[in-house]
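Using the sequences plus the hints, can you model the full thing?
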Amino acid sequence: MSLALDTFTTIAVLAGAFFFLAGTIGLLRFPDPLTRLHALTKADNLGLGLVVIGLLPQVAWPLDAIKLIAIWLMALLAATTVSQLMARAARDGGPTI
Amino acid sequence: MTLALAVDIGLALLVLAVAGWTLAVRDTFAAVIGFVAYGLLLALIWVRLASPDVALTEAAMGSGLTGLLLLGAAARLRGAKTSSAPPSLALQWVAGVLCALVTAGLAAIVLRLPDPAPSLAPAVIAHLPDLGLGNPVTGVMLAYRAIDTLLEVVVLLPALLGVWSLALDRYWGGAPILRHPRPDGALTLLAQVLPPFGIIVGIYLCWNGADQPGGAFQGGAVLAAMWVLVLLAGLTEVPPVSRRGLRLLLVLCSVVFLVIGLAGVGFADAFLAYPAGYAKPLILTIELMLTLSVSVALGLFIAGPPAKMPS
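Protein chains in written order, with the numbering used here: chain A, 1 to 97; chain B, 1 to 311.
Keep in mind that the hints were calculated from the coordinates and are not lab data.
On a predicted model such as this, the values are computed, not experimentally measured, just so you know.
All C-beta atoms in this analysis are idealised placements derived from N, C-alpha and C, irrespective of residue type, glycine included.
One or more hints might be untrue.
Example chain A residues on the side facing chain B (calculated, C-beta under 10 angstroms, incomplete) [unchecked claim]:
1. THR35
2. ALA70
3. MET74
4. LEU77
5. ALA78
6. THR81
7. VAL82
8. SER83
9. ARG88
Computed list of lysine to any residue pairs in SDA-like fashion (alpha-carbon distance at most 20 angstroms, straight line) [as the list claims (entries may be wrong)]:
10. A:LYS67 - B:ASN208
11. A:LYS42 - A:GLY26
12. A:LYS67 - B:VAL201
13. A:LYS67 - B:PRO195
14. A:LYS67 - B:LEU160
15. B:LYS308 - B:LEU160
Spelled out as C-alpha cells, the structure:
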C-alpha cells in the first residue's frame with residue numbers, strides 16, 4: 001500500500017514539476033505579456049495543484065492535509081487576481097500601480 | 001543528506017545570482033522585483049537554518065512590506081529625471097573595492113569563529129520557564145532585550161511623522177489616498193474574500209508567538225496587508241491622519257509598554273522588569289498592543305502622506 005502511495009506521490013510531483021518547467025519556459029519564450037501570463041497560469045494551477053495532490057498521502061490527516069489544500073487555494077486566488085490586474089494593465093499599455 | 005546539501009547550495013547560488021542581478025539591473029521597477037524575490041529566497045534559507053521566526057519576519061517585513069514601500073517609491077519617481085550621469089569609473093572602483101573589503105572582513109570573522117560558536121542560547125532556554133513562554137525568540141524580544149523592542153516600537157512613530165511631514169501644507173491633517181486607479185471585479189473579489197482569512201492568520205501569528213514561531217510584528221504585517229488590500233480595492237478609505245482614534249491606536253503600544261516598564265521599577269527590580277509570576281500575561285498584553293499599533297503604522301506607511309484636504 002505504501003509503495004503504491006509513494007509511486008503516486010512521485011508521479012504526481014514529477015508531473016507538477018513538468019508543468020512548472022513548461023510554465024517557466026513559456027514565461028521566457030513567449031512574445032508578449034498576455035501569452036506569458038497564459039503560460040504562468042499553467043504553473044500555478046496545474047503545477048502547484050499536482051504537487052499538493054502528490055504530497056497529500058505523505059502528510060498527517062486532517063490538519064496538515066487541509067493546510068496544504070488551503071495553501072493551494074490561496075495561491076490560486078492570489079494568482080488569478082494578479083494575472084487579471086496584469087492583463088488589464090498590459091492591455092491598457094504600460095505598467096500601472 | 002546529500003540531497004539537502006544540493007538544495008542548500010542551489011539556494012545559496014540562486015540568492016547570490018538574484019542579488020547580483022538586482023544590483024546590476026538599471027530599471028527601478030525591475031530592481032524592486034529582484035529585491036522582493038531576493039527576500040523570499042532569503043526566507044527559504046532561514047527556514048533551512050531552522051529559524052522560522054526570522055524567516056517569517058524576512059518574508060513579511062523584509063520582502064513583502066519593504067518591497068511594497070519601494071514599489072510605491074518607484075511609482076512616485078517614475079516621472080522624475082533619474083541620475084543625470086553615471087558616477088565616474090574611479091568612484092565605481094572605490095565603491096567596489098570597499099564593498100569587497102567589507103565582504104572579505106565579514107567572511108574572515110565568520111570563518112574564524114570557534115566551533116561550536118559562542119552562544120547565549122542555552123542560558124535563554126534555561127531561564128525560559130521563569131517567563132512562562134515556549135518560544136525563546138519571544139522571550140529574548142520582550143524580556144531579555146525588552147528595551148530594544150520598546151525603542152523599535154517607538155521609532156515607528158517619528159518615522160510615520162516623517163512620512164506625514166511630506167504632505168503639502170493644505171493637506172496637513174487630511175487623509176492619505178491609497179487606491180488602485182481602476183479597481184475592477186477581480187481585485188474587489190479578492191479584497192472581500194481574503195481579509196477574513198488574513199485577519200485570522202494575523203491574530204493566530206500574534207497569539208501563537210508566545211509558544212511557537214510567530215509574533216506581533218509578523219501578525220501586524222499580515223493585518224496591515226489585509227487593510228491595504230481593502231483600501232486598494234476602494235472598499236474603504238484611509239481615515240484622516242488627524243483622527244483621534246487613529247492616533248490613539250498608533251501610540252497605544254508605546255504607552256502600554258512604557259507604563260508596564262515603569263511599573264517594573266516599583267513592583268520588580270528595574271525598568272522593564274516583570275514581577276515574578278506576571279511575566280506571561282504582561283508579555284501577552286504588550287504583544288497584543290504591539291500587533292494593533294504595528295498594523296496601523298505599517299498600513300499608514302504604505303498609504304503615504306496626506307493627499308486630501310481635511311474636511
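Exercise. Verify the interface restraint on ALA78 (chain A): the C-beta must sit less than 10 angstroms from at least one C-beta of chain B.
Key: With Cβ-Cβ at 7 angstroms, under 10 angstroms, it holds.
Quiz prompt | Pairwise hint evaluation, ASN208 (chain B) against LYS67 (chain A), where the allowed Cα distance is 20 angstroms at most | solution = holds, 16 angstroms
Practice problem: Closer than 10 angstroms between Cβ atoms is the bar; does VAL82 (chain A) clear it against chain B? Give me holds or violated. | Solution: holds, 9 angstroms
Quiz item: Are LYS42 (chain A) and GLY26 (chain A) close enough, with their CA atoms no more than 20 angstroms apart?
Solution: holds, 10 angstroms
Quiz item: Between LYS67 (chain A) and LEU160 (chain B), does the CA-CA distance stay at or below 20 angstroms?
Solution: violated, 36 angstroms
Exercise. Let me know if the C-beta of ARG88 (chain A) comes in closer than 10 angstroms to any C-beta of chain B, holds or violated.
Key: Hint holds; ARG88 (chain A) Cβ to chain B Cβ min 7 angstroms, cut 10 angstroms.
Self-check item: ALA70 (chain A) as chain B interface residue, shortest Cβ-Cβ below 10 angstroms
Solution: holds, 8 angstroms
Quiz item: For the hint on MET74 (chain A), does the least C-beta distance to chain B fall short of 10 angstroms?
Solution: holds, 8 angstroms
Quiz item: Are SER83 (chain A) and chain B close enough, Cβ to Cβ, to be under 10 angstroms, as the hint says?
Solution: holds, 9 angstroms
Quiz item: Against chain B, is LEU77 (chain A) within 10 angstroms by beta-carbon distance?
Solution: With a minimum Cβ separation of about 6 angstroms from chain B (threshold 10 angstroms), the hint on LEU77 (chain A) holds.
Quiz item: Measuring from the C-beta of THR35 (chain A) to each C-beta in chain B, is the shortest one below 10 angstroms?
Solution: violated, 19 angstroms
Quiz item: Regarding the pair LYS308 (chain B) and LEU160 (chain B), is the alpha-carbon distance no greater than 20 angstroms?
Solution: holds, 17 angstroms
Hints 1, 14 from the earlier list are contradicted by this structure; the remaining hints agree with it.
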